[in-house]
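Enquirer: Protein chains in written order, with our numbering: chain A, 1 to 201; chain R, 1001 to 1226; chain H, 2001 to 2226; chain X, 3001 to 3293.
Bear in mind the hints are in silico, worked out from the structure with no lab data behind them.
Where hints are given, some of them may not hold.
In the DSSO-like style, the derived pairs of lysine-lysine whose C-alpha atoms are separated by at most 27 Å in a straight line are [as the list claims (entries may be wrong)]:
1) A:K190 / H:K2083
2) H:K2083 / H:K2073
3) H:K2141 / X:K3101
4) A:K30 / H:K2075
5) R:K1058 / X:K3101
6) R:K1073 / R:K1113
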Amino acid sequence: MHISEGVLSPAVLAGGAGLAAVGTAIGLKKLDYEAIPRVAILSAAFFVASLIHVPVGPVGLHLVLNGLMGLLLGWVAVPAILIALLLQALLFQFGGLTVLGVNTVTMAAPAVICFYAFRGLLRRPGTPAAVGAFACGATAILLSGLLVAAALITTGQAFSKVAALILAAHIPVMLVEGVITLFIYLFLQKVRPEMLEGLYA
Amino acid sequence: MSEPLIELRHLTFAYPGSPQPVFQGFDFQLLPGQRLGLVGPNGCGKTTLLHLIMGLLKPQAGRILVLGQEVKKEKDFVPVRQKVGLLFQNADDQLFCPTVLEDVAFGPLNQGKPPGEAIRIARETMASLGLEGFAERVTYKLSGGEKKLVALATVLAMQPQLLLLDEPTTGLDERTRHRLIHILQDLDIAYLIASHERDFLAHTAAECCHVHPTCCQPIRINPGKK
Amino acid sequence: MSEPLIELRHLTFAYPGSPQPVFQGFDFQLLPGQRLGLVGPNGCGKTTLLHLIMGLLKPQAGRILVLGQEVKKEKDFVPVRQKVGLLFQNADDQLFCPTVLEDVAFGPLNQGKPPGEAIRIARETMASLGLEGFAERVTYKLSGGEKKLVALATVLAMQPQLLLLDEPTTGLDERTRHRLIHILQDLDIAYLIASHERDFLAHTAAECCHVHPTCCQPIRINPGKK
Amino acid sequence: MGRASVPAGRSAARDGRSTNLWLSSNFSEQANDEEDRFLSPLEEPFSAGASPAHRLDPRGRIVVTALFAVLMAVAQTYAATLAGLALALCCLALARLPLQKVGLRLLVVNSFIFLLWFVLPLTYPGDAVWRCGPLAVTRQGLVYAGLITLKSNAIIIALMALIATVPVVTLGQALHNLRLPDKLCHLLLFTYRYLYVLEQEYHRLIQALKIRGFRPRTDLHTYRTYAYLAAMLLVRSYDRAECVYQAMLCRGFHGTFYSLWRFSWQRRDGVFLGAATPALAALLYLEWGMRLM
Chain A
1 MHISEGVLSP AVLAGGAGLA AVGTAIGLKK LDYEAIPRVA ILSAAFFVAS LIHVPVGPVG
61 LHLVLNGLMG LLLGWVAVPA ILIALLLQAL LFQFGGLTVL GVNTVTMAAP AVICFYAFRG
121 LLRRPGTPAA VGAFACGATA ILLSGLLVAA ALITTGQAFS KVAALILAAH IPVMLVEGVI
181 TLFIYLFLQK VRPEMLEGLY A
Chain R
1001 MSEPLIELRH LTFAYPGSPQ PVFQGFDFQL LPGQRLGLVG PNGCGKTTLL HLIMGLLKPQ
1061 AGRILVLGQE VKKEKDFVPV RQKVGLLFQN ADDQLFCPTV LEDVAFGPLN QGKPPGEAIR
1121 IARETMASLG LEGFAERVTY KLSGGEKKLV ALATVLAMQP QLLLLDEPTT GLDERTRHRL
1181 IHILQDLDIA YLIASHERDF LAHTAAECCH VHPTCCQPIR INPGKK
Chain H
2001 MSEPLIELRH LTFAYPGSPQ PVFQGFDFQL LPGQRLGLVG PNGCGKTTLL HLIMGLLKPQ
2061 AGRILVLGQE VKKEKDFVPV RQKVGLLFQN ADDQLFCPTV LEDVAFGPLN QGKPPGEAIR
2121 IARETMASLG LEGFAERVTY KLSGGEKKLV ALATVLAMQP QLLLLDEPTT GLDERTRHRL
2181 IHILQDLDIA YLIASHERDF LAHTAAECCH VHPTCCQPIR INPGKK
Chain X
3001 MGRASVPAGR SAARDGRSTN LWLSSNFSEQ ANDEEDRFLS PLEEPFSAGA SPAHRLDPRG
3061 RIVVTALFAV LMAVAQTYAA TLAGLALALC CLALARLPLQ KVGLRLLVVN SFIFLLWFVL
3121 PLTYPGDAVW RCGPLAVTRQ GLVYAGLITL KSNAIIIALM ALIATVPVVT LGQALHNLRL
3181 PDKLCHLLLF TYRYLYVLEQ EYHRLIQALK IRGFRPRTDL HTYRTYAYLA AMLLVRSYDR
3241 AECVYQAMLC RGFHGTFYSL WRFSWQRRDG VFLGAATPAL AALLYLEWGM RLM
């Protein structure tokens, strides 16, 4: 969920921008020049995957996959997500400039958290890894929803109902993302296990 | 003679942004049991024609009839795609499942077959193409020729009444090419092959025609060397 | 006769995880001025051979000599890549800069040329390939044929002494194919073309050979129809 | 101008071996590959053009838009927001964008704002102006929702007029020039370079799903299929990245990116900045002046 321009309070915007800057700096530090093509092409693939609309009952939800991005990229997911969001703002005008920081934090922080939280589980093949993959996809969305809600409520109590609505809307997305992350994980494990090597680093 | 499988009437199609239409008042018929080769230089519209029949592209004017039914909207093409199979030029574009079995069973599953039945059909189709033992192989890691045969299996598993093949020999080595010729010769359904390899068409197509903007003009193909 | 440009001695190479080696005690020579076509079925090792020469793959045994120097480690291949140009099969993999000019100037810049000089070389190379006016174009918006020619420009801008071409005609339309034939005929450096299109090789290669696991066996290519 | 302009070489190219005439005839206009003709949602509809806005130096445009966006984002008064919206509309006129496309984009982008209009007036504490059972629409809620709508649209319109009119490639170069981290700019440009390639792959896979009778539903089969689709994209891009890196090595890459990018600051850029500075200052005055009153 992108927060639009003009909604959040200056303090929240500044806080988001600051956190995003720190996260991006850490991510860039861990990113070698040699790895730029790989990260960029993966990040382009995530961008394109987000064009996929998955039906959930009567509505179509687009994929986010930030949990998976965290699994594959770790801290580097932060600059990768920042770039993807910037491109969305430029090409579709989704999100925007002043909210870029906040939107990056709401998407990328869960990615990094999930990377550390589920890395251990995913290293154990079989059922634990499958559970870990599902949990990773679902938790990343849950955390994103919570962060969006927190950004809105910090801006003003008036947004508490909106925040609750948004959080509720994240619940079906959570399940769908969990299932899809699980299937993607199983696919990668079978077809290109090298891609998951970051987990063991 | 019975009703044509495919009939295109006065079709006009231009790619968006392109000044020159690929087809202009184009007429075409394919009769049951026909095995037709389409030839012509790159860009003459061979692929476009196949994609128009499948509803992947929509004409600006004219009518398309598949198996006697007029098709216009996306919805009309859903049953068409159950009955007409298209083999893409690039097998990589056609295969997306982790294992061969899943890929071949995908079509039958979409046709509403229960999983057990879909797997049975998939295995049978693979056996008929000499792909026994491929079921658990990772599709992505197959060689180019193997991918092409698996792609053909995914299409044939849907038991189509008509097959459209787009440059089926691209990137095939001699052996797989021979195998493909034999498979096509043994098929008992009508098909349409777009190819620039005249030698291949001489073995697989009973008639050939040259794709022009207004029609397909029948031509003679020299028989192959064998 | 002068020293060979490339010499492979008793090379052995197998892909990791593959039981069968692609090359086993493979010997090969390319002499200055030679224009050699490599043919063979898919998977026979044409691409592998080119990648071994560039050091993108490392052999398990045997020696590689490029321009008289033995090359073994990643570091040894750095100067090789300044002198030998490789045209990849897929131009999209080769063009990674946002605009054509940057892409063509990328090689010269890495060779240590100052930006002004790199741009001059890039523009001259593009002009010699008939690509004037392409400088500011965005790479991803080029057509397939244009991409291939730009990819060739990126390689030629490094002024290589030897050119390796991997299936250069894949996906080319007739016109670009002709253009490529003329460009290659006008080049005054040695090259090695891996291709399955015999007609193309008949126009561009003076000799052809078939890639086997142990050597390249010279073969005759029928001259093309034109 | 505005694009990366390069110092030398144009005349050299013209004098070069351009005699092979059969080669150069409108070759560039022809797109021969049928598969390259999908309409892409990634096209940059606003970046092509020769309007006054398009010809300004992208660096000036980025700085002005960024300042404007920040000012608008913190604005709390109708006076400043309305003036800001007027300014944004002036920029839109300067960019001469197709209004229908702009309208369509605004409609989509405002979906979040629509949600606010349904909730904020009902939940914002204040004086009720309309009641229906337990629900009360407050004046303050309406005022607040209106303010947000104006702010949001002012920023988005300015973004469309001044930033979306810069091709992404030029933007990356300009950001680099404005001292954004080197790696970040290269990441942006590389990502953008392969966006279109991957989108084409995605499109072809979607066609493959269609011709095999796939219809999306709310079931596991659908989710698994989409997961495979996304995974296939990821695997292919991973392998493509390996090829790209090899291609870079073959062209002598040794860990350094060189930059050819030069921008030239022109008189009209001075005029633009000269007009933008007092306008931004006026916004600032309106905002703080009104708040103090």
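Enquirer: Work down the list of hints and note, for each, if the structure agrees.
Expert: Against the structure, the hints:
| no. | hint | in the structure |
| --- | --- | --- |
| 1 | A:K190 / H:K2083 | violated, 40 Å |
| 2 | H:K2083 / H:K2073 | holds, 17 Å |
| 3 | H:K2141 / X:K3101 | holds, 22 Å |
| 4 | A:K30 / H:K2075 | holds, 24 Å |
| 5 | R:K1058 / X:K3101 | holds, 23 Å |
| 6 | R:K1073 / R:K1113 | holds, 25 Å |
The structure shown violates just one earlier hint, number 1.
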